[in-house]
Amino acid sequence: MFLFRVRQAAVLSLCLWSLLGLVHTSFSFIRTGFPPNRPPAVGIKTGALAEEVALLSGLVGQIDQGRVLILLPPATDSGLVVFLRYQLAYIDYPVRVFARRLRQDIRTEVANEELVVTRTGTAFPPGWQETARRDSFAAYRRTRP
Amino acid sequence: MMLPGVLSLLPLWALGFAAQRALGIRQRGARGVVLDYVIGYLALGVMGSISVLLGAAPPLWWIYALVLVASAIAWMRRAPVASALAGGSLSPQHHDVYVRVIAGATIMVLLFLVGTALTDRLIWDGWAIWTLRARILFFENGLPPDAFLKPGPYEFAHPEYPLALPLLDWWMFRHAGASLPALASFAGSLWIVALALLVWTHLKARVAPMIASLAVLGLVLFRPITEYAVGGTADVIIAVAMLGVVIELTSAEEASAAASVRAGCFLALAVLSKNEGFALAIIAVFSAAVIQPLGGFRARVIAAFAIPVAMGGAWYLVTRTWGLDVEQVGGLPPVASLPERVMTITGAFSRLASYRSWPPIFLLALLGAFSAARSSNRTDRFGWVLVVSYLLVLAGVYLSTSQDLVWLLRTSLERVVSHAVPALLVLSVCAIFPAHPAAGAANSRSLSPSFRSAPGE
Numbered sequence: 001m002f003l004f005r006v007r008q009a010a011v012l013s014l015c016l017w018s019l020l021g022l023v024h025t026s027f028s029f030i031r032t033g034f035p036p037n038r039p040p041a042v043g044i045k046t047g048a049l050a051e052e053v054a055l056l057s058g059l060v061g062q063i064d065q066g067r068v069l070i071l072l073p074p075a076t077d078s079g080l081v082v083f084l085r086y087q088l089a090y091i092d093y094p095v096r097v098f099a100r101r102l103r104q105d106i107r108t109e110v111a112n113e114e115l116v117v118t119r120t121g122t123a124f125p126p127g128w129q130e131t132a133r134r135d136s137f138a139a140y141r142r143t144r145p
Numbered sequence: 001m002m003l004p005g006v007l008s009l010l011p012l013w014a015l016g017f018a019a020q021r022a023l024g025i026r027q028r029g030a031r032g033v034v035l036d037y038v039i040g041y042l043a044l045g046v047m048g049s050i051s052v053l054l055g056a057a058p059p060l061w062w063i064y065a066l067v068l069v070a071s072a073i074a075w076m077r078r079a080p081v082a083s084a085l086a087g088g089s090l091s092p093q094h095h096d097v098y099v100r101v102i103a104g105a106t107i108m109v110l111l112f113l114v115g116t117a118l119t120d121r122l123i124w125d126g127w128a129i130w131t132l133r134a135r136i137l138f139f140e141n142g143l144p145p146d147a148f149l150k151p152g153p154y155e156f157a158h159p160e161y162p163l164a165l166p167l168l169d170w171w172m173f174r175h176a177g178a179s180l181p182a183l184a185s186f187a188g189s190l191w192i193v194a195l196a197l198l199v200w201t202h203l204k205a206r207v208a209p210m211i212a213s214l215a216v217l218g219l220v221l222f223r224p225i226t227e228y229a230v231g232g233t234a235d236v237i238i239a240v241a242m243l244g245v246v247i248e249l250t251s252a253e254e255a256s257a258a259a260s261v262r263a264g265c266f267l268a269l270a271v272l273s274k275n276e277g278f279a280l281a282i283i284a285v286f287s288a289a290v291i292q293p294l295g296g297f298r299a300r301v302i303a304a305f306a307i308p309v310a311m312g313g314a315w316y317l318v319t320r321t322w323g324l325d326v327e328q329v330g331g332l333p334p335v336a337s338l339p340e341r342v343m344t345i346t347g348a349f350s351r352l353a354s355y356r357s358w359p360p361i362f363l364l365a366l367l368g369a370f371s372a373a374r375s376s377n378r379t380d381r382f383g384w385v386l387v388v389s390y391l392l393v394l395a396g397v398y399l400s401t402s403q404d405l406v407w408l409l410r411t412s413l414e415r416v417v418s419h420a421v422p423a424l425l426v427l428s429v430c431a432i433f434p435a436h437p438a439a440g441a442a443n444s445r446s447l448s449p450s451f452r453s454a455p456g457e
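Chains as they are written, first to last, in the numbering used here: chain D, 1 to 145; chain L, 1 to 457.
Read the hints as simulated data drawn from the structure, not as lab findings. Backbone N, C-alpha and C fix where the C-beta goes; we use that ideal spot for every residue, glycine too. It is possible that some hints are incorrect.
[Claimed, not checked] The following label-pair restraints were derived from C-beta to C-beta distances:
#, chain 1, residue 1, chain 2, residue 2, range
1, D, R5, L, Y64, 55 to 63 Å
2, D, F29, L, V406, 28 to 36 Å
3, L, R77, D, S26, 46 to 54 Å
4, D, Q8, L, L118, 37 to 45 Å
5, L, G24, D, L3, 38 to 46 Å
6, D, C15, L, M1, 37 to 45 Å
7, L, G323, D, L3, 50 to 58 Å
8, L, R351, D, F4, 28 to 36 Å
9, D, F29, L, P339, 39 to 47 Å
10, L, S354, D, L3, 57 to 65 Å
11, D, Q8, L, W61, 55 to 63 Å
Sequences and hints are given; from them, build the entire structure.
So this is what it looks like as structure tokens:
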């Protein structure tokens with residue numbers, strides 16, 4: 001009898017798993033497209049870093065559009081410049097700046113749609129990645145007819 | 001431009017097909033097809049990685065030459081197909097209407113996923129880590145020396161990660177003549193199909209078709225796997241590899257040298273795709289040593305381990321010599337911080353267990369572990385020890401990381417735990433449900449007969 005209950009619970013788990021998966025997948029698709037694409041056409045809006053990047057890449061006009069994503073570069077500004085130069089060379093979106101790696105000597109904050117990079121902090125603000133993705137999606141959707 | 005890129009996967013599949021036939025290890029049906037593709041991927045990964053490490057261009061014509069050579073050998077030897085036991089497809093071979101409905105729904109979901117992937121669906125890591133190197137390979141016809149520097153301009157893209165997946169993307173880009181992100185998404189979606197085929201063919205030979213079809217449907221709807229697969233990361237490949245190893249090494253009726261070689265190929269698939277794969281290969285040997293002290297099982301697993309070492313050893317040796325260490329592993333943390341770290345990790349796992357579509361699979365795994373503990377089948381226990389050890393090693397990495405623990409857990413836990421989900425699913429279902437007498441036969445019925453007989457046990 002006990003094994004019978006175990007099997008019943010297992011069958012219910014499998015059914016529930018499929019159902020929840022269907023709901024999760026469907027909602028995700030309705031909300032963002034499936035699976036969530038990376039935000040296209042994002043750029044740096046303000047700040048000295050943005051100007052430096054823009055000058056280097058010759059993408060000033062495109063950088064003025066869109067919003068902010070975050071780059072965690074090698075620890076020095078020169079490293080950052082080299083990094084961006086390479087990144088932009090292999091990117092077919094107008095501008096992309098990546099947010100990925102946590103560096104102890106660089107703090108990045110997303111606030112008021114601006115990107116601020118300092119060298120004094122120790123960590124990202126909580127939820128920065130989700131914020132960046134959500135905001136970028138919102139910006140992307142606003143640009144669509 | 002998409003079509004040549006998509007079709008370029010056929011030579012890789014043909015290479016694997018010929019190689020398996022030449023070696024006499026090929027199985028009929030879906031499992032054979034999956035391993036064909038895996039072996040083609042491995043050939044490209046090994047040859048490409050060595051070429052890139054030597055500063056040369058990735059191999060194009062060499063792969064085609066290999067296809068010809070393998071085909072010639074396979075034709076000369078014409079070795080018999082190893083086993084038909086696990087053959088089959090997603091098409092049900094019986095008349096149960098519910099199973100047909102579930103199988104139909106599964107196929108619809110798979111078509112949806114593959115169709116979705118024909119447009120660019122890369123997620124951040126897929127774009128910035130995996131296909132970045134493929135784009136560089138495509139544009140530069142190799143990796144420039146500073147691609148291996150840490151710190152360096154490409155540090156962000158994990159230069160220490162194995163190259164097989166970027167090489168697969170490069171292969172498709174090269175045939176398409178453009179670095180189309182959609183090709184990488186499409187390639188990712190094929191791994192989901194591979195997972196579905198492996199789970200279906202394994203389970204339908206063991207449990208009621210209703211259970212097998214439900215398991216496959218749940219798997220293809222499990223978004224933590226599908227999202228990262230179509231998103232272009234290598235995580236789904238680790239899931240395929242772990243599942244393949246578990247299937248090959250726990251299928252007692254297929255205990256053979258051929259199964260050992262096939263398991264070795266799946267371990268090599270993991271090793272050549274991501275750093276976690278190397279851990280998986282070591283854990284497989286460890287699990288065999290712990291669980292199977294007698295008989296030929298240990299020898300089989302060690303023999304299987306030789307394949308990934310031979311294929312991936314050069315990459316790991318050279319990149320570690322160049323100082324490209326795994327940055328997530330930071331050594332032992334201060335003892336004082338251990339309790340807090342353990343609490344943080346435990347809390348993250350607990351939250352995951354109650355998150356979105358995770359609770360049922362955790363419950364199923366618990367039920368499966370309970371059932372397996374009551375069993376005396378040591379071969380099945382090997383699978384459990386393998387998967388649980390893998391999860392423990394993951395927890396150990398989080399414990400020792402030098403990165404921000406909370407950030408790392410938030411951005412990776414769901415993704416890496418999902419590596420183990422297909423294997424856990426198969427192990428759990430096989431442990432919970434008794435072997436179905438008509439499993440795989442034409443007259444299989446629904447689950448109900450098993451249930452009616454169960455109270456009497």
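- Message: A range of 28 to 36 Å was offered for this pair. Does it hold for the Cβ distance of L:R351 and D:F4?
- Response: The hinted range 28 to 36 Å holds for L:R351 and D:F4, with Cβ atoms some 32 Å apart.
- Query: If you check the beta carbons of D:R5 and L:Y64, does the distance land in 55 to 63 Å?
  - Reply: Given range 55 to 63 Å: holds, Cβ gap about 57 Å.
- State, for the Cβ atoms of L:S354 and D:L3, whether the hinted interval 57 to 65 Å holds or is violated. Given about 26 Å between the Cβ atoms, the range is violated.
- Message: Can you tell me whether the CB distance of L:R77 to D:S26 sits inside 46 to 54 Å?
- Response: 49 Å, holds
- Query: Honestly, do D:Q8 and L:W61 meet the 55 to 63 Å range at C-beta?
  - Reply: For L:W61 against D:Q8, whose Cβ atoms are near 58 Å apart, the range 55 to 63 Å holds.
- Query: Is the gap between the beta carbons of D:F29 and L:V406 within 28 to 36 Å?
  - Reply: 29 Å, holds
- Message: Given a hint of 39 to 47 Å, does the C-beta separation of D:F29 and L:P339 actually sit inside it?
- Response: Because 42 Å falls inside the window, the suggested range holds.
- Task: Given the range 37 to 45 Å, decide if the beta-carbon distance of D:Q8 to L:L118 lies inside it.
- Result: Because 40 Å falls inside the window, the suggested range holds.
- Task: Just tell me: holds or violated, for the beta carbon distance of L:G323 and D:L3 against 50 to 58 Å?
- Result: 54 Å, holds
- Status of the given 38 to 46 Å range, CB of D:L3 versus CB of L:G24: With Cβ atoms ~40 Å apart, the hint holds.
- With respect to the beta-carbon atoms only, verify the hint that D:C15 and L:M1 lie 37 to 45 Å apart. Between D:C15 and L:M1, where Cβ atoms are some 42 Å apart, the hint holds.
The structure does not agree with numbered hint 10 stated previously, though it agrees with all others.
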